[in-house]
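Chains as they are written, first to last, in this note's numbering: chain U, 15 to 923; chain P, 14 to 216.
Derived from the structure by calculation, the hints contain no laboratory data.
Remember, it's a predicted structure, so these values are computed and weren't measured experimentally.
Don't be surprised by glycine CBs; every beta carbon is placed ideally from N, CA and C.
Where hints are given, some of them may not hold.
Stated by the list, open to error - Below, a list of computed lysine-lysine pairs in the PhoX-like style, where the Cα atoms sit at most 25 Å apart: (1) K119/U <-> K199/U; (2) K135/P <-> K397/U; (3) K79/U <-> K297/U; (4) K309/U <-> K68/P; (5) K210/P <-> K124/P; (6) K210/P <-> K159/P.
Stated by the list, open to error - So these bits of chain P aren't anywhere near chain U, every CB distance computed over 10 Å: (7) D90; (8) P138; (9) K210.
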Amino acid sequence: MRTFLSAFLSATLATLSFGGEDKPVEATAPSPMTKASGAVTIDGALDEPFWKDCAAIRCDFINTKPGQQSEQPRMVVKYAWDEHFLYIGYETFDANLSAKGKGVKDGPEKNQREGCEIAGAKEEKIDVVEFFISFGDENFFWEIHHNALNQFNDIWITTVNPAWPISKSSLPMYGIFFYDKEFIKDDGEKTTAMAVKLNPRADGTPSTVNTPADMDTGYTAELRLPWGGLGAPQAARPDERKKLTEWKMENQQMMLLAVVQDGDLPERYHHSAPNRKNDWFHKTPGAWPRYVLAKGGAAEPAKKAAVDLNELSTEALAAEILRRLDNKESVAELVQAASDHGMAMARALSRELNRGTSARQEALMNIVALAARCRQSHGELLKHYDPPAFETFYGPNARAEQERYAGALKSAVWPRQSASMLIQAAPLPLLDWMSAQAVSDTPDIPKLLSVWNQWGSNIVFRHERQHAPAVRALAGRFAQNAHILSNPNALGALVRFAGESGASEVTEFVLKALEHPQISVRAEACRALPRLATTFPDAMLRAAGKESDGTVLLMFGEALQGWPTDARAGEAALTLFERAPSADVRRAVLFSAIDAKWPQRTDLLARAFAMPGDGVLGVALQAIAEKPVPALSAKTTELMTELPEPPAPLIDALGAAGDVKAAPYLARTLKESKNLAISLKLALALEKIGGPEAHAALLAQLKSATQPLLAQHLAGIAGRVKLAGSEETLISLAEDTTAPLPVRLQSIAALGAFPTESVRASLQKIDANPEKFFGAGDAAATPSSQSELVEQARMLVKLALLQHGDAKAADAALELFRRGTPTTQITLLMMLARLKRDHPAVAEGLASQEFAVLLASVHAAGAADAPKYRERLTALKRAPFVRAILESGLNSNGLEAALDAALSTEKGG
Amino acid sequence: MPRFPQKRVADMQRRSGSWLAFCAAVLTAFTPALAHESPVDHVDRAIRISVANGKLNVRYQVQLSERAALMQFQRMDANADGAVTVEERTAFLDAFQRDLGQQLSVELDGKALALKPDGAAKLLPQCRQVFTFSAPIGELKSGRYKGRMLDSYSRNFPGAYRWDGPKTPGTEGPQVLVAEAPKMHDTDGHPSVLQIKFDVVMP
Numbered sequence: 015m016r017t018f019l020s021a022f023l024s025a026t027l028a029t030l031s032f033g034g035e036d037k038p039v040e041a042t043a044p045s046p047m048t049k050a051s052g053a054v055t056i057d058g059a060l061d062e063p064f065w066k067d068c069a070a071i072r073c074d075f076i077n078t079k080p081g082q083q084s085e086q087p088r089m090v091v092k093y094a095w096d097e098h099f100l101y102i103g104y105e106t107f108d109a110n111l112s113a114k115g116k117g118v119k120d121g122p123e124k125n126q127r128e129g130c131e132i133a134g135a136k137e138e139k140i141d142v143v144e145f146f147i148s149f150g151d152e153n154f155f156w157e158i159h160h161n162a163l164n165q166f167n168d169i170w171i172t173t174v175n176p177a178w179p180i181s182k183s184s185l186p187m188y189g190i191f192f193y194d195k196e197f198i199k200d201d202g203e204k205t206t207a208m209a210v211k212l213n214p215r216a217d218g219t220p221s222t223v224n225t226p227a228d229m230d231t232g233y234t235a236e237l238r239l240p241w242g243g244l245g246a247p248q249a250a251r252p253d254e255r256k257k258l259t260e261w262k263m264e265n266q267q268m269m270l271l272a273v274v275q276d277g278d279l280p281e282r283y284h285h286s287a288p289n290r291k292n293d294w295f296h297k298t299p300g301a302w303p304r305y306v307l308a309k310g311g312a313a314e315p316a317k318k319a320a321v322d323l324n325e326l327s328t329e330a331l332a333a334e335i336l337r338r339l340d341n342k343e344s345v346a347e348l349v350q351a352a353s354d355h356g357m358a359m360a361r362a363l364s365r366e367l368n369r370g371t372s373a374r375q376e377a378l379m380n381i382v383a384l385a386a387r388c389r390q391s392h393g394e395l396l397k398h399y400d401p402p403a404f405e406t407f408y409g410p411n412a413r414a415e416q417e418r419y420a421g422a423l424k425s426a427v428w429p430r431q432s433a434s435m436l437i438q439a440a441p442l443p444l445l446d447w448m449s450a451q452a453v454s455d456t457p458d459i460p461k462l463l464s465v466w467n468q469w470g471s472n473i474v475f476r477h478e479r480q481h482a483p484a485v486r487a488l489a490g491r492f493a494q495n496a497h498i499l500s501n502p503n504a505l506g507a508l509v510r511f512a513g514e515s516g517a518s519e520v521t522e523f524v525l526k527a528l529e530h531p532q533i534s535v536r537a538e539a540c541r542a543l544p545r546l547a548t549t550f551p552d553a554m555l556r557a558a559g560k561e562s563d564g565t566v567l568l569m570f571g572e573a574l575q576g577w578p579t580d581a582r583a584g585e586a587a588l589t590l591f592e593r594a595p596s597a598d599v600r601r602a603v604l605f606s607a608i609d610a611k612w613p614q615r616t617d618l619l620a621r622a623f624a625m626p627g628d629g630v631l632g633v634a635l636q637a638i639a640e641k642p643v644p645a646l647s648a649k650t651t652e653l654m655t656e657l658p659e660p661p662a663p664l665i666d667a668l669g670a671a672g673d674v675k676a677a678p679y680l681a682r683t684l685k686e687s688k689n690l691a692i693s694l695k696l697a698l699a700l701e702k703i704g705g706p707e708a709h710a711a712l713l714a715q716l717k718s719a720t721q722p723l724l725a726q727h728l729a730g731i732a733g734r735v736k737l738a739g740s741e742e743t744l745i746s747l748a749e750d751t752t753a754p755l756p757v758r759l760q761s762i763a764a765l766g767a768f769p770t771e772s773v774r775a776s777l778q779k780i781d782a783n784p785e786k787f788f789g790a791g792d793a794a795a796t797p798s799s800q801s802e803l804v805e806q807a808r809m810l811v812k813l814a815l816l817q818h819g820d821a822k823a824a825d826a827a828l829e830l831f832r833r834g835t836p837t838t839q840i841t842l843l844m845m846l847a848r849l850k851r852d853h854p855a856v857a858e859g860l861a862s863q864e865f866a867v868l869l870a871s872v873h874a875a876g877a878a879d880a881p882k883y884r885e886r887l888t889a890l891k892r893a894p895f896v897r898a899i900l901e902s903g904l905n906s907n908g909l910e911a912a913l914d915a916a917l918s919t920e921k922g923g
Numbered sequence: 014m015p016r017f018p019q020k021r022v023a024d025m026q027r028r029s030g031s032w033l034a035f036c037a038a039v040l041t042a043f044t045p046a047l048a049h050e051s052p053v054d055h056v057d058r059a060i061r062i063s064v065a066n067g068k069l070n071v072r073y074q075v076q077l078s079e080r081a082a083l084m085q086f087q088r089m090d091a092n093a094d095g096a097v098t099v100e101e102r103t104a105f106l107d108a109f110q111r112d113l114g115q116q117l118s119v120e121l122d123g124k125a126l127a128l129k130p131d132g133a134a135k136l137l138p139q140c141r142q143v144f145t146f147s148a149p150i151g152e153l154k155s156g157r158y159k160g161r162m163l164d165s166y167s168r169n170f171p172g173a174y175r176w177d178g179p180k181t182p183g184t185e186g187p188q189v190l191v192a193e194a195p196k197m198h199d200t201d202g203h204p205s206v207l208q209i210k211f212d213v214v215m216p
């Protein structure tokens with residue numbers, strides 16, 4: 015492994031020019047640094063109000079070209095301070111985020127942080143941000159590094175003055191000592207902290223680190239550095255004799271140089287010093303920007319701009335964006351505010367889209383694409399929330415409206431954001447352009463690839479509400495263009511696009527691609543076919559017997575899950591498993607078998623027992639756990655003798671098999687287990703197996719478990735299986751005000767299953783004085799979460815009493831339901847579902863406008879008395895806006911399946 | 014009945030870790046069909062309090078998830094025709110605004126203010142809804158007045174909170190300054206609510 019020093023040297027040496035002038039640089043007047051106000055949450059988001067008041071410092075000066083800024087913004091930095099910390103906020107705009115950790119941690123014992131590599135192999139293209147921090151000394155200062163994975167280095171630097179005798183020593187390398195074992199110490203409770211927030215990509219999902227295939231948009235970060243650790247001047251130190259804790263930093267001066275490395279760029283280094291010559295960053299402190307810690311804040315012009323932003327009209331904000339772009343200033347801080355204006359902002363910027371430099375166009379397209387992302391929303395929402403968007407996408411003049419954004423279609427070269435902007439803002443003109451490309455003798459392959467890639471992905475994730483059928487139809491037309499088919503890269507991308515858009519009419523075309531000589535084309539065909547072919551194609555069966563490439567076989571194995579009930583897919587799975595050149599492929603086949611109903615499933619899993627290596631048997635056991643295979647029970651149980659400490663998949667499989675012979679083995683392991691996750695699995699497996707031995711083990715654990723989560727689950731199991739002899743322990747747990755609340759909650763819920771006098775007396779005691787039992791709670795709880803749990807506890811006591819036949823408890827539970835939070839309401843409804851018990855709360859829940867409450871109500875209605883609620887459930891399933899949720903990419907948490915299950919239930923439960 | 018062994022309780026407390034993790038576990042334990050994350054839609058809110066013309070004004074903005082906004086439309090769409098009329102929307106939002114106003118309690122200088130809706134709700138792109146309220150405070154003399162707002166609506170929904178002003182402290186006219194970082198205020202055993210302590214500075 016490379017050492018930090020050698021990595022550091024190789025990275026920095028790469029930028030050096032040793033022939034630079036040695037003329038001292040005239041220091042400029044210090045700029046004011048804003049004082050932070052209010053609570054600062056270090057979460058990477060620069061959303062605390064004071065950040066808006068801080069001057070935005072551009073870090074665009076090209077290291078090898080002193081005084082010259084890059085055309086595109088590389089990084090914007092803001093600094094702030096208070097009585098305890100220096101705060102650094104920054105944003106990078108890197109389209110390909112790359113970061114690498116050192117794998118070792120450093121820092122104070124209680125505040126260790128993983129270090130970051132600042133250089134790597136050329137192909138790794140590592141990015142990192144650097145700050146050089148000094149209180150005025152040009153030879154002694156901190157150098158810190160930070161990256162998109164929130165990894166952090168702090169190095170104490172000493173540079174050697176040529177007049178010092180040590181300069182003749184062989185110790186300093188290039189005249190610099192790098193003390194990488196030093197670190198910024200915490201100042202009591204004032205600790206160093208850092209965080210990163212990845213910027214959203216054009217499709218709204220966060221940028222990704224170390225995924226070169228996608229288009230990132232950078233990230234924001236916050237760093238908090240304590241004055242004591244940084245070594246602020248002694249004169250500013252709090253006077254301990256007066257019991258002061260605050261550093262007196264106002265009017266102190268600092269030197270701060272910000273540097274950004276982008277591994278993708280030929281000009282890798284950019285920085286914040288306009289007058290810096292090209293030399294080691296360490297050797298040019300005279301040119302580092304200087305700051306004075308001011309009470310009032312940043313320079314007036316920057317402050318004025320920040321103040322005005324939130325109050326600006328759409329037109330004024332658009333003008334400010336254009337002004338900044340024309341002055342080559344960053345617009346990063348305006349992007350969110352701009353997209354908040356919706357399609358009105360897109361309209362305001364539309365005339366400027368195709369003017370100026372490519373960087374300017376790209377910045378504007380990015381804003382328009384973000385604003386137009388609203389097209390993914392339901393049309394009725396747009397009509398009310400963003401009328402210009404409704405007009406643009408659903409109005410009678412939609413095509414003409416969209417033409418505003420379609421200028422890029424006539425450009426020979428597309429700036430980077432073009433495809434995503436066209437898909438979002440100008441889908442109709444883009445479809446026209448694609449239609450023309452489909453029959454063109456000279457199709458523009460690079461542009462088509464970028465459109466196919468993004469639009470196909472949007473359809474897969476159901477973000478394309480309007481034009482999926484038209485896009486699908488186009489895939490068929492592209493498949494007839496000989497010029498596209500003759501280009502292997504285009505062919506592979508088209509096959510993928512056909513699959514993602516669900517163009518089933520081109521299934522034959524995709525099947526032919528299975529025999530293409532290019533590996534990537536065959537692999538894409540395997541990936542696409544499950545989305546296109548409803549029955550397992552014969553061509554795939556043939557391919558299973560002759561395909562030899564490992565990548566294609568892996569895709570093939572994963573594709574098999576697309577036909578879980580087709581016996582021919584099962585046949586192909588067996589063939590593939592036998593022919594697989596690696597365990598990767600065998601595991602992929604077995605993963606596909608987990609939910610499959612193939613007749614060959616048992617045979618397939620049996621073969622995994624014969625070839626268990628490299629995780630193959632683990633996946634087979636997962637499949638058995640999901641759906642037990644009686645024929646393999648003996649083989650599964652035999653594993654107990656081979657594995658004294660069962661792995662998780664074996665525990666799950668033994669539990670699912672329900673073989674009582676496994677109980678002693680699992681019970682012994684549970685008794686000895688120190689691993690919480692394994693203990694939970696063991697308890698659940700014993701619950702499934704049941705019987706005296708399993709129950710005895712569960713009872714013993716319930717009485718002795720010290721892990722709260724395990725105790726909580728054991729209490730739940732005790733209630734579900736009516737664990738004989740557990741009542742006293744459950745009562746003890748429920749009443750013990752010092753026990754963790756979730757354990758008590760679960761115990762109360764479980765007590766409902768034990769209709770005995772002592773249990774009823776305990777429940778009534780709690781019910782009569784809930785404040786006594788739940789007022790104080792656990793000291794570890796936050797007020798917010800604890801009081802939520804207290805409310806749930808009250809509800810569960812009523813529910814348990816209801817199970818005991820206390821009719822009054824039903825009314826009380828309803829009252830708690832009505833004034834409860836959604837979480838409390840869900841708790842009651844899901845308990846009712848589990849108990850298969852009807853209650854007025856079910857009907858009220860079905861009328862709720864809170865999605866989660868509605869979902870829980872559907873579960874409860876289906877379990878309690880489905881016929882009674884049939885009419886309401888049917889109406890819900892047909893309700894247009896419920897359908898709008900179910901048919902989009904929004905998370906519906908299984909609502910459709912719950913509705914179907916409830917509607918197919920003849921009687922309660 | 015013997016008390017639960019204290020050593021065991023102490024062990025449990027020592028190991029109890031993140032309380033939120035337990036909340037999630039409880040919910041998960043009761044709601045296996047709802048997977049592991051809370052399915053309750055988040056509501057982000059931005060609050061601005063200002064003083065002008067003898068009134069204290071509250072601008073309360075919520076940002077809903079698209080799913081939550083569609084569920085509201087489901088409620089508004091009484092005839093289930095898939096369209097929401099302006100009348101249906103206005104009726105729904107008016108009722109919501111009245112209800113929201115009742116859940117916001119504001120005190121100034123130790124006196125409770127009677128907050129009333131002040132203008133119709135406004136819808137903004139990205140599923141944002143803006144509600145404005147005001148309460149008469151009379152002509153205050155020059156000085157600093159302590160205020161507090163409790164937001165009972167906040168107890169129902171998780172989500173981010175942002176103080177939305179004032180933007181230019183120190184300029185002319187009455188100022189409203191946050192005196193204490195907003196925090197959740199415990200409400201006697203019931204779920205906590207957002208509390209904002211602020212100062213009104215009259216020039």
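Hint check results:
For the hint pairing K119/U with K199/U, the CA-to-CA distance comes to about 14 Å; that is within 25 Å, so the pair holds. For the proposed pair K135/P and K397/U, the alpha carbon gap of about 13 Å is at most 25 Å, so the pair holds. For the hint pairing K79/U with K297/U, the CA-to-CA distance comes to about 17 Å; that is within 25 Å, so the pair holds. Straight-line distance between C-alpha atoms of K309/U and K68/P comes to about 31 Å, which puts the hinted pair past the 25 Å bound.
Distance restraint check for K210/P and K124/P: the Cα-Cα separation of roughly 14 Å lies within the 25 Å cut-off, and the hinted pair is therefore satisfied. A C-alpha spacing of about 8 Å is found between K210/P and K159/P, which places the hinted pair at or below 25 Å, so the restraint holds. Distance check on D90/P: its Cβ comes as close as 6 Å (rounded) to a Cβ of chain U, failing to clear the 10 Å threshold; non-interface status is violated. Remark: the non-interface label on P138/P conflicts with the geometry, its nearest Cβ contact in chain U lying 3 Å away (cut-off 10 Å).
With a least beta-carbon separation of about 12 Å from chain U, K210/P lies farther than 10 Å from that chain, consistent with its non-interface assignment.
Taken one by one, the earlier hints fail for this structure at numbers 4, 7, 8, listed in ascending order.
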